[in-house]
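The listed protein sequences derive, respectively, from chains A and B.
In terms of this note's numbering, the first sequence opens at residue 1 and continues consecutively.
In terms of this note's numbering, the second sequence opens at residue 1 and continues consecutively.
Just so you know, not all the hints are guaranteed correct.
Stated by the list, open to error - Here are the simulated lysine-lysine pairs, DSS-like style, with alpha carbons at most 30 angstroms apart:
1) 78/A with 107/B
2) 42/A with 68/B
3) 56/B with 97/B
4) 71/B with 42/A
5) 42/A with 107/B
These are computed hints drawn from the structure, not numbers from a lab.
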Amino acid sequence: EPEVTQTPSHQVTQMGQEVILRCVPISNHLYFYWYRQILGQKVEFLVSFYNNEISEKSEIFDDQFSVERPDGSNFTLKIRSTKLEDSAMYFCASRPQRGSNQPQHFGDGTRLSIL
Amino acid sequence: GESVGLHLPTLSVQEGDNSIINCAYSNSASDYFIWYKQESGKGPQFIIDIRSNMDKRQGQRVTVLLNKTVKHLSLQIAATQPGDSAVYFCAESLSYKYIFGTGTRLKVLA
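So here's chain A without its partners, still in its complex pose (with noise of 0.2 angstroms):
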């Protein structure tokens, strides 16, 4: 089953350091996703998606974050000047289609460990 992946699964990286998080979507899909996990907290919308251009953003995707699909096939999230409190699982998610109700196929994650 086709499936989402991330890499690298644990990054470590010292404040102020500029973070990429990669993953690739299930090929077929259109619409994409952040997420990030605090340990121990529930699982939190960052950033979707489509056409090339974010279609939806929270209170936490401010100015140091942005996303981008350089190809075909990947989709990043950089962190401009990391913080401690960027400290997480970074999860990225695909979806195939807009307009019916299909679930969104997480990755296995990113942990990122800000020193």
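Dock chain B against the given chain A, drawing on the hints supplied.
For chain B alone, coordinates are given in the frame of chain A:
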């Protein structure tokens, strides 16, 4: 550093018994609901979904019930197995983003 996490409610069930996991959702405009299972170190895994025009949907060993009057969802797992041990989240879909609940940890006792 990382924040102190919320205390997850835990449901302990004997192997072979049925499990019922409950969830309250927040927005009456949500039109689609999903249950996910999350095992340690993994991402949320889709279990079953239900649209707001339905009140019950069955899958293999799982049933989801939706009560829109009180904004309540439940997940029933029949004949619970050790492999069902995980954290279970409900999610409501609002303008195509998901809002997740806090989660319930299911422990299956041998």
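| task | Would you pick out the hints that fail for this structure and give their numbers low to high? | result | Those not satisfied come down to hint 1.
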